[in-house]
Structures are given as C-alpha cells and as structure tokens.
Amino acid sequence: MKIRITDRILLLLFVLAAMALAVVIPCIIFGAIPQSNFNNFMQTAYADGWMKALITAICAVVFLIGFRLLIAGLSRPRPKTALLASSAEGSIRISLVVLDELAQKFANTIQEIKEIKTDVFLLRDGVKFRVKYTIVQEASVPEISTKLQTGIKQFVEMYTGITVKSVEVMVEKTSSTPKKYITD
Amino acid sequence: MTDSNERMQTKVQKDGKISFADDVIATIAGLAASEVPGLAGMSGGIVDGIVEFLGKKNFTKGVKVEVGNEEAAIDLFVVMEYGAKIHEVCAEIQQAVKRAVETMTGLRVMEVNVFVQGVRFEKESKEGDAQRVR
Chain F
1 MKIRITDRIL LLLFVLAAMA LAVVIPCIIF GAIPQSNFNN FMQTAYADGW
51 MKALITAICA VVFLIGFRLL IAGLSRPRPK TALLASSAEG SIRISLVVLD
101 ELAQKFANTI QEIKEIKTDV FLLRDGVKFR VKYTIVQEAS VPEISTKLQT
151 GIKQFVEMYT GITVKSVEVM VEKTSSTPKK YITD
Chain X
1 MTDSNERMQT KVQKDGKISF ADDVIATIAG LAASEVPGLA GMSGGIVDGI
51 VEFLGKKNFT KGVKVEVGNE EAAIDLFVVM EYGAKIHEVC AEIQQAVKRA
101 VETMTGLRVM EVNVFVQGVR FEKESKEGDA QRVR
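Residue numbers (our numbering), protein chains in the order written: chain F, 1 to 184; chain X, 1 to 134.
Derived from the structure by calculation, the hints contain no laboratory data. None of these values were measured; they are calculated from a predicted model. Do not rely on the hints blindly, as some may be mistaken.
[Said to hold, decoys possible] List time: in silico EDC-like cross-link candidates among lysine to aspartate or glutamate, alpha-carbon distance up to 16 Å:
1. 128/F - 100/F
2. 153/F - 172/F
3. 85/X - 101/F
4. 105/F - 66/X
5. 80/F - 125/F
6. 147/F - 112/F
7. 85/X - 157/F
8. 17/X - 70/X
9. 147/F - 168/F
10. 117/F - 101/F
11. 105/F - 70/X
12. 173/F - 112/F
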C-alpha cells in the first residue's frame, strides 16, 4: 500500500518523538540527567502557566499525529477496479492490482529481462500498461520490447477477457550481470 | 463481509412469514461460489481474518448481501486460481450463486456482482521453472 507524503512526514515526526522519549527516560532513571534538573523542570511545569500550555500543546500534537496515523493505517482505500463484463446477472470487476500481477507474471518468463516495474491504468474501454524494465546487455531491445508488448496484451486478455488498449514499454537501464536463476 | 446479522428478511406467505437472516443468504452464496472450479477463495476484511484466526469457519467471508422483501443483490469478493480464465469462472460463479440462493430461499436474485481482488499463484514446480533473484 502506498503511503502518502504527508503521512510519511507525520510518521517521521512521531517516530522522532518516540525515540526522544526512549532516550530521555533512561537518562533520567540512570542519572545521566541529574535528578535535581528533572525536579526543577517538574516544579516549573507545575507552577508556570506558559510551560503547562507548551507541554500540553506538544502532547496534543503528538497525540493527534498518532491518531491520524492510526486511522490511516486502519482504513484501506478500495483498490481501483476495471469492468470485465456486465450482464443481466450482474457485473464482474477486477482489481488493477491483479492485472498488474498478471503482467509481472508474464514478464518474468522472459529471460532477457532482469528487473521490471509495471503500472496499469484504467481507460474508458479497457486498460493500458506502462512497463519499465532492465535488460541484460547482450539482448536485443526491439525484440524484447515487442515480445513484452504483444505478450502482455495476449496474456492478460486471455486470462481476464479485458481489452488491453496499449502496452507502453521503456528500457530503464541495461545490466552487465546476467539474470540469476535458482533451480532446485 | 456481511450486513448486520440482526436483520431478518421476511417473506410473507399465506400461512405466515418466512424470515432469513442475512448470514444465511451469505452462507448459501459463499458455499455455492466455493464449489466453482477456478476459485481459490474469498477475500475478506479484518473481521473475517480475525474470525478465521480464531479457528472458526467463516462461510460468509467475502460475501455482502443486500436483501429486499422479495429480492436480493449479492456482492462477492474473490481470489482466483492462476491459470483459470477469470471472466469465464466469474460468469459461472454468478450463475451458481443465483441458482443456489433462488432455489434454497425462493428470493429473486436481482444481481450477483463479482469483484476479483487477487490471483493465487501456486509455487513454481521444481522441474524446469526458474525464479528471479533480486
């Protein structure tokens, strides 16, 4: 699941706050921060209105950040789906994640491809794939690219019945190291 | 996931009422769907996962039911087996669920909507197949 940039920033702040607390408390307990300093701080916190307000504000911010992250973590946005068929019996929809996995599954069968990233986009009358891959150095880019385009289209259409309008292919980089295999 | 268990759907017959809990319809639908070849399983939410973790069989997992007085609409969230033709299997699921619910409850099934949430890939066979190393 992709995390939004704002949630990443909040998560960073929350983790830093937790880490700070995890450092300060042992320092107090084991005397790295003298007890007198701690006592002075607590007396000031109890007595000074501004200090109370500041501490309360910091705690409130940390609480709200934590709450926001909790909500973000629990709520899962429904994945986008593409319509496969619609009939009197009802509709059949497929998650774009599944289409992405099928494209990856096919691409993994091509030995000349070392790494691959795929994205799938919903169109009005079908779907579109965008593929970025790393090719081994000795391989022919036009041949592999054509193989990917026709192969992904045929593979996905065969197993899902959905229309693949286009497969955009981009060679991201070449790799001098050959693809490794594990064979049992 | 299903609607509230508390809700009972009532058909008024000449000799009295026949009531169905939502879970009953969801269970019938879930069982009918599970018998269709090519279906790997049903895709449930967090509650379904906890119920299964506790060891209780959950036949309503991945099934959402909306029922009126005489009719029903059913949503199924499914995971398919890799290799099965998804659109064909889903069409079979629609027919199987509609047939089962209409036969067993007498309700008219207005629509059976199928949402494919995932594909289950079996482990690569040991002979011949290779895996990518990252």
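Here is what the structure says about each hint:
1. 128/F - 100/F: holds, 10 Å
2. 153/F - 172/F: Judged against 16 Å, a Cα distance of about 20 Å means the pair is violated.
3. 85/X - 101/F: holds, 15 Å
4. 105/F - 66/X: violated, 36 Å
5. 80/F - 125/F: holds, 15 Å
6. 147/F - 112/F: Holds. Residue 147/F to residue 112/F sits at ~11 Å (cutoff 16 Å).
7. 85/X - 157/F: This hinted pair holds, its Cα atoms lying about 10 Å apart.
8. 17/X - 70/X: With a Cα-Cα distance of about 12 Å, the restraint between residue 17/X and residue 70/X holds, given a limit of 16 Å.
9. 147/F - 168/F: Judged against 16 Å, a Cα distance of about 12 Å means the pair holds.
10. 117/F - 101/F: holds, 10 Å
11. 105/F - 70/X: Outside the cut-off at roughly 44 Å; violated.
12. 173/F - 112/F: Roughly 12 Å between the alpha carbons, so the hint for residue 173/F and residue 112/F holds.
Of the numbered hints stated above, those contradicted by the structure are hints 2, 4 and 11, listed in ascending order.
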